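With these hints in hand, go ahead and build the complete structure from the sequences.
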Amino acid sequence: MTNRPRLRLGQSLAPGVLAVALFGAMAMIVLNTGFADEMVGFPAGISVTSEIGYALFDFTALQSAEGSIGDTEPFLAAFLLVAVVLDAALDAALVLAKRETEGEPVAALSSRTGATPGTTGSDQVAATDGSGRRRESADESAASDTAAESGGDS
Amino acid sequence: MDVPIEYFVLLSMALFSIGLFGILTRRNALLFLMSVEIMVNAANVNLIAFAFYHGNLTGQVFALFAMALAAAEVAIGLGIVLVLYRNFRDVDVTVPTTMRW
Amino acid sequence: MAVLELPQWTALAPALVFVATALALFVIDSINPHTRNRSLLAGTTAVGALAALGVTVWFMLAGVGTPTAEGGLGVVELFGGQFVVDQMTLFFTTVVSIVTALVAVASYDYMADHTYQSEYYSLIMLAATGMAAMAAANSLVTVFIALELASLPSYALVAILKDNRGSVEAGLKYFLIGALSSAIFLYGISLVYGATGHLQLEAIADNLDGADAYGGLLGLGILMLIGGFAYKTASVPFHFWAPEAYEGAPAPISAFLSSASKAAGFVIAFRVFTTAFPVEATTAVIGIDWTTAFVVLAIVTMTLGNFAAATQDNVKRMLAYSSIGHAGYALIGLAGLSADGGELVMGAAMMHLFVYGFMNTGAFLFVALAEYWGVGRTFEDYNGLARQAPVACAALGIFMFSLAGIPPLGGFWSKYILFTETIGAAGTNGAMLVVAAALVVNSALSLYYYSRLVKAVWIEDPIGERDALAQPIGLYAAIVVAAVLTVVALPAFGPIADAAQQAAAVAIG
Amino acid sequence: MEGLFDYAPAIALFPLAAFVIALAFGPKLPKKGAIPGIVATGGSLLLSLAMLAAVAGGEEGYYHETLFTWAAGDAAGEIGTDAIEFTFGILIDPLAALMLVIVSLVAFLVHVFSLEYMNAEGETGLPRYYAGLGLFTFSMLAFVYADNLLMAFMFFELVGLCSFLLIGFWFRTRSAPSAAKKAFLVTRFGDYFFLIGVVAIAATFGTVQFAGEDSFVAAAAAAIDDGGQLFGFDAETWVTITGLLVLGGVIGKSAQFPLHTWLPDAMEGPTTVSALIHAATMVAAGVYLVARMFGYYALSPTALAIIAFVGGFTALFAATMGVVKDDIKQVLAYSTISQYGYMMLGLGVGGYVAGVFHLMNHAFFKALLFLGSGAVIVLMHHEQDMWKMGGLKDKAPVTYYTFLAGALALAGIVPFSGFWSKDEILYDALIVGLEQPLIMAAYAMGLIAVFFTGFYTFRMVFLTFHGEPRTETAEDPHSVGWAIKAPLLVLGVLATVAGLANLAPVAKLTGAEISFLEYWLDGEYGGLEALTYHSYHETVPFEEGAIGSETTTMLLGAGLSLGLALAGAFTAHALYNVPSPTRHTEKLGGAYDVLRSNYYQDEYQVWLAEGLTLPVARAADRFDQTVIDGAVDGVSSVSLFGGDRVKRIQSGIVTNYAALLVAGFIALLIVLGFLGGWFL
Amino acid sequence: MMIEALLAVTLVGALVTFVAPNRIAGKLAFAISLLPAGLGLWLFSAFDGSGNALLEGELAFESRVEWIQIGEYTVSWFVGLDGISLPLVVLTTILCTLAIVSSWTPIDDRESQFYGLVLFIEANLIGVFAALDFFVWFIFWEAVLIPMYLLIGIWGGPRRKYAAIKFFVYTNVASLLMFGAFIVLVFSLGDAVTSFALPEIATAMLEGGPEAFMGVAGSTIAAAVFVAMFVGFAVKVPVVPFHTWLPDAHVEAPTPASVLLAGVLLKMGTYALLRFNFTMFPEQAEAFAVPIAAIAVISVIYGAMLALAQTDLKRIVAYSSVSSMGYVILGLIAYTQFGVGGATFQMVSHGLISGLMFMAVGVIYNATHTRMVTDMSGMADRMPVAVGILVAGAFGYMGLPLMSGFFGEYAIFFGSFGSGRLPYSQVFTPLAMFGIVIVAGYLLFALQRTVFGPYHLETDYDVGRAPLHDVAPMFVLLAIIIALGVAPELIFEMITDAVDPILENGGEL
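Residue numbers (the UniProt record's numbering), protein chains in the order written: chain A, 1 to 154; chain B, 1 to 101; chain C, 1 to 509; chain D, 1 to 680; chain E, 1 to 509.
Worth flagging that the hints you see were computed from the coordinates, not collected in a lab. All values derive from a computational prediction rather than experimental measurement. Any given hint might turn out to be false.
Said to hold, decoys possible - What the simulated footprint calls covered on chain B by chain C, stretch by stretch (three residues with Cβ under 8 Å from a Cβ of chain C suffice, anywhere in the stretch; the number is not a length):
1. 17-31
2. 37-50
3. 57-64
4. 67-79
5. 82-91
Stated by the list, open to error - Computed footprint of chain D on chain E; a stretch qualifies when at least three of its residues, placed anywhere within it, have a C-beta under 8 Å from a C-beta of chain D:
6. 308-321
7. 374-387
8. 429-437
As the list claims (entries may be wrong) - Label-pair distances were calculated between CB atoms; the ranges are:
9. Val231(E) <-> Pro615(D): 28 to 36 Å
10. Arg622(D) <-> Asp108(E): 32 to 40 Å
11. Gly481(D) <-> Pro467(E): 41 to 49 Å
12. Glu380(C) <-> Asp108(E): 20 to 28 Å
13. Asn22(E) <-> Pro615(D): 43 to 51 Å
Glycine included, each C-beta is placed from N, C-alpha and C at the ideal position.
This is how it looks when you write it as structure tokens:
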């Protein structure tokens with residue numbers, strides 16, 4: 001049965017006021033700024049998309065006969081950079097999304113956890129488990145068996 | 001007769017505030033991502049409007065780049081939500097408070 | 001003096017070296033996916049970082065970036081003004097490469113047997129590229145994209161310990177606040193574009209006088225830009241992600257974030273606010289001197305960072321708050337700018353970021369070492385470590401006292417020159433005296449919690465029994481190198497100070 | 001004769017050498033360090049006699065030499081001097097030569113005496129004892145021939161240290177160290193005023209030299225003549241003030257009225273120490289200092305009057321207390337205080353010769369009495385309570401007769417030395433008193449004290465030597481060897497004969513020049529013109545009256561004092577010279593208790609130290625801990641509490657972060673907006 | 001060149017001792033410390049300087065090397081000795097050697113670290129007295145804190161952690177305050193000064209004095225800076241309201257550390273007061289003469305009263321240091337040759353005497369393991385030699401003639417009594433002199449209860465004669481004290497030669 005998304009109201013709406021206040025302030029600013037009443041607009045007859053293309057690769061040489069629109073800045077550097085960004089994003093997303101087959105350790109210092117069962121007294125869990133504020137005894141649940149734990153007091 | 005620029009700016013500010021409202025009130029991580037998307041698009045509206053206002057294409061080309069980066073961001077966002085779900089069995093952003101003070 | 005005349009674009013060599021190493025790591029990963037050969041991976045990464053460091057230092061010595069008037073090879077303008085390579089770029093790239101090298105060497109032990117080691121190192125390299133690009137960015141476009149390039153891999157790096165609750169939670173919060181801040185930053189860029197019609201920093205500066213009608217709009221835009229920089233440098237009010245992120249992330253990554261990405265955040269802030277919005281021109285437009293915003297930010301960040309750190313009982317979280325405190329100190333660099341220059345105060349801030357870079361990395365790497373030993377996380381768990389690991393604890397002592405600014409360590413120079421220049425700047429702008437007072441109060445408080453850690457390690461007796469502590473090569477090497485750098489920074493502070501002050505003069509001039 | 005003066009430093013250095021030898025090699029020496037002590041003091045005695053001869057024989061008859069510059073610098077003196085030099089130097093003039101002989105003689109005799117008194121009893125720590133004696137003699141001799149006030153002060157304090165060490169010799173007991181501490185602290189309190197005096201004189205006159213043309217006395221006289229202002233006071237009042245400040249030290253050291261309480265407690269030390277230090281030499285240091293700078297005091301009549309009055313009052317005050325004491329050494333202690341009161345009276349009325357004469361005599365007969373009491377104590381196996389003695393007359397004839405000679409001298413019975421000097425003091429006081437009511441009061445008190453002196457002296461003699469032995473130890477006392485008898489005999493002879501030095505009344509009656517001491521101190525045989533008796537006499541501003549002619553007043557005074565002394569002796573004879581005397585003094589009732597507890601001076605001073613200063617100190621300490629320390633800790637706890645509160649805003653929930661982030665942004669926006677005029 | 005040699009020898013010695021095995025660390029450290037002691041004495045004999053280092057005096061062993069350029073001010077490594085600093089350097093070397101010898105008995109764990117830290121402190125102390133550039137001086141001034149913190153913290157008594165952190169933060173905050181004040185002064189001197197060299201700043205101060213800075217008139221700035229620096233140094237001296245760290249630090253510190261703390265660290269405060277406040281600010285010193293004199297007198301009397309109320313021997317000696325330092329302040333404010341010269345002499349003499357007293361109390365503590373006056377009595381019975389020296393030291397403290405304490409105090413009293421520039425000096429001096437009575441009171445009171453009387457000890461240790469190597473250093477100190485007492489001209493001549501220039505511009509002789 002579909003559970004239609006219900007708007008969970010209640011105390012969580014209070015912060016919304018901040019957004020409205022921000023909008024009010026920004027609107028005041030806009031009303032106060034003296035915009036020129038008409039737009040400069042683009043010269044007719046030049047296809048904007050081709051201009052975007054030339055600006056993208058800074059091809060002033062291939063510009064069409066009637067010259068470019070305004071003084072658009074070259075974006076070649078941005079283009080190269082965004083390529084690297086997308087590659088990085090892909091790589092990062094894959095790392096996060098990929099499901100490890102059983103037994104592949106993803107915990108830090110995992111070699112240490114296996115190798116030194118002997119370190120009593122201190123939680124040999126992966127070092128950076130955000131061990132919860134309620135500091136139980138030393139044998140706090142190791143992060144690796146996440147199944148049981150329900151996480152922080154929700 | 002073109003539409004005066006104030007309307008475009010007000011529209012974009014409204015969109016921006018709606019996105020912000022979404023972030024502040026909803027507790028679902030995916031909705032958080034959607035709200036951020038709205039805020040980015042608000043910025044794009046602004047860019048396009050001002051591009052036309054100033055008569056140069058910088059704004060438009062940059063809007064393209066903004067969209068690309070928004071997409072990259074969402075990709076990683078979804079990755080993070082996936083890992084969140086695997087660990088906390090829930091996508092509610094207010095659940096993980098193991099580290100505070 | 002350059003032996004061989006290199007083409008113009010090679011000025012971006014450091015960033016290119018980083019990208020090349022990242023791609024090399026991809027190739028290694030594709031040849032042997034999920035490789036466990038950590039020495040190859042960490043080695044390539046470290047070599048890449050050191051190569052970038054080498055190139056940068058070579059450029060600085062060769063005079064790339066120093067204006068021809070002062071006998072340099074001139075400031076290199078690339079891609080039609082989108083990138084610029086000058087003293088400041090090279091100065092911050094050195095910081096980024098040093099920290100990256102240290103983190104890479106440390107991760108050799110820390111991330112041993114981790115499934116996604118190759119991706120881990122490639123993401124570090126990509127983030128480093130982003131930071132190098134940020135150092136060189138000269139237009140809001142390249143700034144934004146470089147910022148994203150630095151942030152996106154960091155989100156993944158923080159959450160890379162996928163089955164560790166802390167790491168995931170840290171990644172989540174870091175991502176959410178990061179996404180929100182980049183959206184605000186983008187909106188700020190659009191408003192600035194709206195007011196000036198340009199995104200290239202010099203172009204914005206030229207169009208400022210034309211934008212006097214849009215005072216409010218430009219002001220709001222600038223404020224949002226400040227928000228974006230505040231997020232990257234973890235300054236109040238955009239700092240909320242920092243404590244969790246640094247505590248939850250793997251320790252080398254916390255070091256990487258709190259040293260390298262903070263420095264990168266500052267370089268774009270310096271770049272944008274000295275090139276695009278010179279003080280007197282912008283004040284004419286937006287009616288208020290933006291340095292007041294930075295004065296407020298600096299004081300609040302310093303105070304919050306130090307006061308919150310004083311009563312922590314988790315060491316890593318204390319270091320996180322102390323890093324926020326140091327962001328406050330660096331903000332003074334911007335708060336002290338004034339109509340007639342003030343490059344000295346910015347130079348002092350840059351010096352501080354340089355020395356802070358390896359002090360702070362060292363401290364976090366010690367925490368990594370402690371996690372490697374599995375001794376626990378709180379001050380009591382650290383009690384009496386010096387009895388078993390005197391060298392590492394001596395290094396920790398050096399880092400702590402240097403962060404506190406006590407001679408005879410490098411941190412002294414950076415803090416006290418910053419203090420001197422703050423008072424110097426107070427000559428013209430009275431608010432700086434309040435900042436100086438805040439600096440005194442906060443560094444006094446920082447003495448307390450830094451020495452608390454030294455007390456725990458050197459003075460207290462261990463609470464439980466502890467068997468011999470292993471000595472991982474990678475972590476030890478990184479910590480010792482960082483300690484040596486901190487100690488050597490005191491006598492060898494001359495060149496650092498000159499480089500920073502020249503860079504600041506060029507950026508403002 | 002001139003060459004002899006070059007050996008002057010040796011006088012002091014011999015005992016110093018003895019001190020070092022005793023301290024370093026004492027335990028290994030045969031008599032535990034006694035021999036070097038005896039040899040050293042003997043050497044000093046011979047050299048002092050040589051100095052006496054040199055002063056008498058030499059053509060200008062004095063020796064003033066600066067040995068060593070201690071510190072020099074430029075300092076703006078009040079009278080315009082711009083540099084000052086603090087030096088160690090030697091000044092031997094008739095007065096100093098005389099005192100050198102007295103000190104070294106008594107020291108020598110005491111060293112011989114302690115051979116038997118201390119060594120025989122098998123005392124432990126003897127090297128420390130002899131070292132202390134050596135150091136004491138060194139400092140005393142150096143003090144005697146110091147040529148400037150600062151050097152005098154330095155050795156004045158060193159002498160105080162030695163008295164601390166020697167009183168506390170038997171430190172294992174509880175009472176000796178506390179007596180030593182009390183002695184040092186009371187004298188230190190006096191020295192505090194003395195130091196202010198020294199600093200004031202140095203700062204005013206730019207010099208501290210006693211003699212020579214640049215002495216501070218000459219400078220003071222010059223300042224008074226040209227009537228300038230010194231530190232805001234006119235010259236004479238300033239001289240008086242500084243004089244009285246130095247007098248503070250004198251009163252402390254010579255145990256005069258307010259600061260006398262330490263001397264009776266000082267009897268805790270060995271009797272030989274009491275004999276040397278608390279009878280002959282150290283206590284005399286104060287009076288000797290007044291004599292040494294008498295020119296300075298002569299310039300201010302008020303200072304002299306105060307000295308005289310304090311002297312007179314102390315004489316009577318101490319004498320009354322001596323009457324009720326049962327311990328033989330206590331009686332002698334109070335008698336010393338009283339006798340020094342006389343000397344102060346003598347000097348106070350301008351009777352310079354009389355004062356010095358009584359100083360000399362007293363040194364001999366009081367040393368004799370103390371050594372005698374030491375002998376008695378040895379006889380009585382260390383018993384000091386007179387009511388347990390009696391009848392020792394025939395068991396120790398030598399001790400008895402020497403002790404009797406000393407007693408007669410102390411009481412001031414005619415042929416013995418005590419009479420001549422005490423009578424001369426009273427005579428001088430009388431002739432000045434006739435003109436000055438204050439001095440007359442002092443004279444009266446001095447006169448009454450003669451009666452009490454006679455009484456307690458002979459009470460002591462009768463209780464100890466006469467009557468039936470009251471305990472079995474008194475039956476067969478411990479025998480006494482020659483090391484004790486020899487010094488007693490020497491001092492006995494001196495006590496009887498010393499009077500001949502200055503038979504002033506006889507000289508006046510017969511006109512014969514037999515007042516040798518007067519000529520000696522008057523510079524007949526040599527000495528600095530400024531330091532002679534006649535020059536002092538001219539400066540002393542007191543006129544002298546007379547009853548009838550001068551001789552009648554002299555005879556009247558002498559008769560009166562002799563009569564009183566005899567009366568005192570006779571009453572003691574009547575009450576105590578019976579086979580088994582009873583405690584007559586109890587009959588005094590209330591007065592007895594007051595006298596017994598020394599007019600509650602001790603309680604008052606102990607209360608001042610324990611009752612007042614200690615609680616104030618503890619209150620200061622509590623204040624210091626709570627308020628000042630509290631403030632410091634308060635600051636740190638406030639900042640830590642602040643830190644704890646600030647930490648709380650990091651609640652862990654992302655939406656809160658976003659909300660706070662936006663709130664912060666809006667706040668910044670509104671602030672800048674209003675300042676920048678964005679919203680208008 | 002010689003000062004660098006001295007510093008190098010001590011620092012290298014410290015490092016060598018750090019790594020030496022614990023067994024031989026004590027003997028090795030002693031051997032090493034003989035070098036600086038020998039060098040110090042050689043410096044003393046070969047001293048050819050004249051006049052005051054800050055007022056165009058001719059320096060001995062001077063060397064100056066440019067180090068760092070901060071804005072238009074150059075910081076240079078500038079060291080040199082004059083009549084004031086040389087005796088203090090010699091005092092430091094001698095006291096450190098003797099402190100090392102006297103710590104052979106009490107220190108029995110982590111000896112190599114202990115001796116390493118002691119030598120490190122010695123290097124810094126020499127640096128403080130020899131440095132003539134403000135930054136170099138400040139580096140040595142602050143660098144003393146870390147080793148002393150660790151010394152008190154690791155080898156201290158029961159409440160050592162509280163005492164260590166209180167000492168650390170208290171003195172550090174004071175130095176920060178003083179640093180800020182001095183920087184304001186340097187900036188307000190404008191272009192009359194182009195470096196941080198103290199002589200240059202002193203001449204600039206005496207000629208023109210500060211112009212307006214931050215809109216505040218030059219004279220008010222000079223007065224404000226004078227007061228701030230006086231307070232900054234007063235904490236170190238310590239002067240009464242700021243003295244509460246001293247007793248805790250002294251009581252909890254191990255004996256050798258408190259010998260150094262009382263012997264030399266207190267002198268840094270008075271030395272700095274002489275070098276900065278009383279050389280550079282003659283008019284302000286005269287303007288504030290009465291309040292400072294009042295503070296000095298209060299310090300003397302109040303300190304002595306506090307000492308009277310203590311029952312712990314070490315606290316008694318600690319509080320008496322407060323009272324002796326009060327004398328020094330009185331001497332300095334008198335501005336006469338005997339006053340200021342006497343104060344400098346008193347610094348050296350108090351260093352020797354309080355060092356001796358602490359060693360003696362330490363020797364007694366080694367045997368009885370208690371310092372409580374109520375716990376023991378009759379120590380003279382069992383430890384005659386050590387007690388003998390303690391009594392001698394106590395009398396030295398009371399200012400017994402023929403010991404150095406007397407000359408120090410007498411010169412100060414004489415100097416301040418006749419001082420033309422201190423109003424009511426005839427009232428202040430006698431009040432201050434009353435201290436000598438109270439000192440005698442509480443010292444004898446303490447001696448009587450602990451040392452004299454029948455033998456009794458609460459703690460069950462059998463007390464025997466103190467070993468030779470504990471007593472030998474005390475004999476050496478006693479010999480020096482008596483030598484200086486009998487012939488103060490040994491160093492007084494040199495001191496007055498260095499003090500005269502200060503008085504010339506300060507007023508009449």
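Structure-based check of all given hints:
no. : hint                                : result
1   : 17-31                               : holds (count 3)
2   : 37-50                               : holds (count 9)
3   : 57-64                               : holds (count 3)
4   : 67-79                               : holds (count 6)
5   : 82-91                               : holds (count 5)
6   : 308-321                             : holds (count 3)
7   : 374-387                             : holds (count 3)
8   : 429-437                             : holds (count 6)
9   : Val231(E) <-> Pro615(D): 28 to 36 Å : 32 Å, holds
10  : Arg622(D) <-> Asp108(E): 32 to 40 Å : 36 Å, holds
11  : Gly481(D) <-> Pro467(E): 41 to 49 Å : 43 Å, holds
12  : Glu380(C) <-> Asp108(E): 20 to 28 Å : 26 Å, holds
13  : Asn22(E) <-> Pro615(D): 43 to 51 Å  : 49 Å, holds
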